[in-house]
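Chains as they are written, first to last, in the numbering used here: chain S, 9 to 368; chain F, 9 to 368; chain D, 9 to 368; chain Y, 9 to 368.
Since the hints were derived computationally from the structure, they do not count as laboratory data.
Glycine included, every Cβ here is placed at the ideal spot set by N, Cα and C.
Keep in mind that the hints are not guaranteed to be accurate.
Said to hold, decoys possible - Derived Cβ-Cβ restraints for the label pairs, each shown as a range:
id, chain 1, residue 1, chain 2, residue 2, range
1, S, D207, F, E324, 54 to 62 Å
2, D, A204, F, G41, 43 to 51 Å
3, S, P196, F, D54, 54 to 62 Å
4, S, D207, F, D171, 29 to 37 Å
5, S, R62, Y, Q74, 35 to 43 Å
6, D, G59, F, G226, 52 to 60 Å
7, Y, H72, S, E324, 42 to 50 Å
8, D, H72, F, S173, 52 to 60 Å
9, S, D171, F, K178, 32 to 40 Å
10, S, E324, F, D171, 36 to 44 Å
11, D, N108, Y, L368, 18 to 26 Å
Number of protein chains: 4
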Amino acid sequence: MASNSFGQIFRITTWGESHGKGIGVVIDGCPAGLVINEDDINAELDLRVTGKNRFTSPRKEKDHAQIYSGVFEGKTTGAPLSIVIHNHDADSSKYEPIKNLLRPGHANYTYLEKYGVFDYRGGGRSSARETACRVAAGAVAKKLLDHFGIEIAASIQSIGSIDASLNVEKLPKLKQAIYQHPLYCADPAAGERMMAELDSAINDGDSLGGIIQFSAIGVPVGVGDPVYEKLEANLAKAMMTLPASKGVSIGEGFSASRMQGSEHNDLFAEDKALLTNHAGGTLGGISTGECISGQVAFKPTSSIKKAQATANITGEKASFSLPEGSRHDPCVAIRAVPVVESMLALVLADALLVNRAAKL
Amino acid sequence: MASNSFGQIFRITTWGESHGKGIGVVIDGCPAGLVINEDDINAELDLRVTGKNRFTSPRKEKDHAQIYSGVFEGKTTGAPLSIVIHNHDADSSKYEPIKNLLRPGHANYTYLEKYGVFDYRGGGRSSARETACRVAAGAVAKKLLDHFGIEIAASIQSIGSIDASLNVEKLPKLKQAIYQHPLYCADPAAGERMMAELDSAINDGDSLGGIIQFSAIGVPVGVGDPVYEKLEANLAKAMMTLPASKGVSIGEGFSASRMQGSEHNDLFAEDKALLTNHAGGTLGGISTGECISGQVAFKPTSSIKKAQATANITGEKASFSLPEGSRHDPCVAIRAVPVVESMLALVLADALLVNRAAKL
Amino acid sequence: MASNSFGQIFRITTWGESHGKGIGVVIDGCPAGLVINEDDINAELDLRVTGKNRFTSPRKEKDHAQIYSGVFEGKTTGAPLSIVIHNHDADSSKYEPIKNLLRPGHANYTYLEKYGVFDYRGGGRSSARETACRVAAGAVAKKLLDHFGIEIAASIQSIGSIDASLNVEKLPKLKQAIYQHPLYCADPAAGERMMAELDSAINDGDSLGGIIQFSAIGVPVGVGDPVYEKLEANLAKAMMTLPASKGVSIGEGFSASRMQGSEHNDLFAEDKALLTNHAGGTLGGISTGECISGQVAFKPTSSIKKAQATANITGEKASFSLPEGSRHDPCVAIRAVPVVESMLALVLADALLVNRAAKL
Amino acid sequence: MASNSFGQIFRITTWGESHGKGIGVVIDGCPAGLVINEDDINAELDLRVTGKNRFTSPRKEKDHAQIYSGVFEGKTTGAPLSIVIHNHDADSSKYEPIKNLLRPGHANYTYLEKYGVFDYRGGGRSSARETACRVAAGAVAKKLLDHFGIEIAASIQSIGSIDASLNVEKLPKLKQAIYQHPLYCADPAAGERMMAELDSAINDGDSLGGIIQFSAIGVPVGVGDPVYEKLEANLAKAMMTLPASKGVSIGEGFSASRMQGSEHNDLFAEDKALLTNHAGGTLGGISTGECISGQVAFKPTSSIKKAQATANITGEKASFSLPEGSRHDPCVAIRAVPVVESMLALVLADALLVNRAAKL
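This is chain S alone, in the form it adopts within the complex (with noise of 0.2 Å):
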């Protein structure tokens, strides 16, 4: 079943694998006279490579996209718009020793078993590197929403046991603080405490999780639809086809269960503009025009250095652990800092049009 397009009138279709000859993303349903070039797609997918410190897997190729389709003279046409990026640095030998293993934690046993067959070079269709095509879309749907007006942001809320103290409705206006952090991070001081225990975590050979808050500003009242578009489950269907992403939640999030009604509820001022925030943004599906926000968790990476007890793909026993000189994360979730905010612009953009059809 086709199951790698996202959106609905702003829809994207993406490809390729970690390994092959490339990846790309085809964006249908883009407005017509967009302003919109390669280096905008390419400052984007920047923000995910890797190896910029040792919070990062060793430094690969830098990422290099193409318009082959869908802008003329500088400007959307209306027409698809098909963004490639070719694979380099792409070294499938490291892969062999490991290709008959079950991976703890990892995709190959399930896509073997439903598909029969896994392209086991450096993950093939399960890889992370399926997101730098989100975020290539991402820069897209960025204009869109810059033309509308919107800002949006995302940041490293914790890391493992470390959590960051966060304003989410300033998060758009810190977004360049935020990537000049190695961590992702818009708080400096708890960004220092989780610097300390990833480097314990690396020494160990192990990884850890975190949880990313997105926030967007400027967003009108009006946007996404009741009763199976809402806003807020259009969020947690994108945010949960991430990678490693294990929940989501949108305002106040689980915290909210154990509010009280009149403590949650957001009350109206006289201009009916609201006093409090908890709802994050959203009531019933449907953007209040407050600041949007929510929260995506990530379990610690899969692929550790520590050896792990499994079984190989004809059910012998054996051990997994990472070959020496691979790439991995020590925790995922920092990388995937710009590919929740893109995410999250890929969902506004699609409700923003959709918007349209709305009323007569």
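Add chains F, D and Y to chain S, keeping to what the hints say.
Below, chains F, D and Y alone, put in the same frame as chain S:
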């Protein structure tokens, strides 16, 4: 934009307002040959009726679903099933005094802004009454799961500050006990403390939130599709379309973000069975064959008796409180238990059918 | 697979069998603010009722549509409209004797093979009765076209060997006259000859086919989407979903294949207006602003009084003829006129809403 | 709105302009395990190359498709196939002089009005070059049909006033002969007369239209879905998305409207086999197991050498004729033969996969 449908192959479309002629659901894509009758559906609807005890709103006329199409001689025919529930007991007059008030935590503000009109009687389309249609459709989906040997359940996990102690893999076997408990909770001891906390909130004219745990056993390995139709992504979307839901998670959920990779990874035994199930039954969006489990967080009921400051639709200062005799649950999570279970059934039924096209 | 829906934004889902409790349609995606009531819908349904004269099957109880949802104080609310038509006059007993016969030209064979079950009463889901739901939905779509200043019509173009002489651009203005004609034909002179040919077929216990011409004026330039959502492609699909339709064309249709480029090309005048309209109102799948016109071919009614050789469902030799008192039209094209008009309305309404997302 | 995709389960998305970096197609939903390589695809692409003889436009660089993803060790993996064809031989300069002219019979007018921009180089997205992507995807679909024992073909049925005499059930066996004929026509005698008529049109600087016949044998009974996903409806849509197509029909097509019921009905033999096949292989939208056949009408090529009156984009009087050295086919139907065949393959492959969910 069409936004009242859910599912790809097993696809539901719901319609209806709280105080209109009725509500209903069309199920399109149900395979032919499934044995189903109105009693099957009405037995499920009885689980979400009100007025069973002091923890749900006072008794309404029981819902009665009629199958208008798609069943012939007791079996589905491949044609769409249309299920209609006529409305009774709909006294709209009590909504007259509050029809011009923006209700804190309620969708009437966003509907008004989006559509320029709001059917205020009983909440119109934004009413949780729509979830009866999900339960009716869920009853059909559960028949399909039965056919495939899959058992599912849901239970209250927490209300207010009280947490139950649940064994997710056992929940499906406890289904009968759960629905006999006043709070639909599989842990009666915790249930006692929840009732005390609920009574206190009721006395204060206030409300509580809660968390629901869901689980499914017997789902074969291989169900769910990468990349944008991951099983957990569709579960997340399904749950976040529920009124008052604010968060959703799979397996260890947000707690996974506090674990280390060596701790979270589920190891494979020699026979490829998984030794633990922190993942919650999926890897890379595809079922592992283990118990599928997750949680949904609900905010406290927004409609409370306590007076709250607000504005009316013309922007004048006002106060809102539920009119005397109005009916609202002190905790929406309780009656949401069979609804969460139904959404789980709908997602799984659809994914099982979708999976038929994966291999040659 | 869900296959009972049509349209992208303005999306209908129909349900129901000929002899079940009723039939109906859910319209999802209709913009809020459209003025509509049950009389508007029932007036359209009256156009396809039987028994008006000897050229349609004997009179049944008039269809009466009820709006179950989606309208509040006379206007659409953005919520789905559910329209229900209860079945009356459904005497299934006369279908008992033929329930095990494969009916020549009828779908009972293919339904049985596909689903393993067939609701033989009145043709079940394969009954042309389903088209009443299209007309009901079409009534709403036409209100939307009214709002945008678009006028549409359909007329019998041919029955048997007799062709009408029609001016497609004038058809919308002749709508009233068309529906007063016994054959729904805008050319009364040709109509006389058609009636003679029909009477002859009726006397022979046989049936005739026919062609319907449709047209729309006032559609602005720019409606319809390349590549796979071309306006003519969606019209073609819409028309070929009609029972008994065997062909569809746009503009000059099949005759265009006999013309030379210099003859078929429509030239532009100085003001960019087109001097001719061989194209039928679209270029590259997008409307030109000219009259949109096309034709749909219908085979002769398959259910006839003449005995025909066949087999029963267990493969034994048999003979099929309509039971005495059975009701079937001698030419299905006649009552298909308002249905074709409705499909035209549905395609245009959807395309108009879709077009809102084309430009920034 | 996303409009560059086709199919439900076996779903293609095409992208690219005539003179951009390239064109391509993403195939999502192809089952895992299908044997396919680039040669399979390029062999099909060779069928629609230009320049083979005087009846197609002068030779361009041969198209060369590359599989970028979705195939591992020679088999599909269940991941999307991305097929890229880089553009060569794209001399845009000759389009400079005509870039501001409205081209009679061409889509540049409607694109300009719809999007406010038109990539005039080679026709941009409206170029028939997009159909190469359909052929590439069709090559994969044909592999799937092979797997299920289905054979398909297409042939020129008419060019200008000349009709071929074809046996639709034999066409798949004549495939090799068809593609060796200069006009892709299975009737060489008629082909001679067609070539004479074409030569005459070429001498006049004019163009001709044509009709293509298609057929498929081996499709099992039960494929296709009522009501809005009828096999013939999806075929009609598929064919009417082709550039220059103006009509489509199934079985007897428009001729069926001239027949009597007793004549058109296909009778069943004792073994339930059909004695004739006027229906063209479907009843009620579902395949009967007989040969599926239909026709597609193409208008004459709009771009001709003869001067035609027109306007420029600012509304001034102008004249349009193809610049010297421009390349255009005198009859687009010829090279459309493999494209029609590909669309047939795509519709059938999708319907076969969809059909897997019909029964328990």
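Do the hints match the structure? See the list:
| no. | hint | in the structure |
| --- | --- | --- |
| 1 | D207/S with E324/F: 54 to 62 Å | 58 Å, holds |
| 2 | A204/D with G41/F: 43 to 51 Å | 49 Å, holds |
| 3 | P196/S with D54/F: 54 to 62 Å | 56 Å, holds |
| 4 | D207/S with D171/F: 29 to 37 Å | 34 Å, holds |
| 5 | R62/S with Q74/Y: 35 to 43 Å | 38 Å, holds |
| 6 | G59/D with G226/F: 52 to 60 Å | 54 Å, holds |
| 7 | H72/Y with E324/S: 42 to 50 Å | 44 Å, holds |
| 8 | H72/D with S173/F: 52 to 60 Å | 57 Å, holds |
| 9 | D171/S with K178/F: 32 to 40 Å | 33 Å, holds |
| 10 | E324/S with D171/F: 36 to 44 Å | 41 Å, holds |
| 11 | N108/D with L368/Y: 18 to 26 Å | 23 Å, holds |
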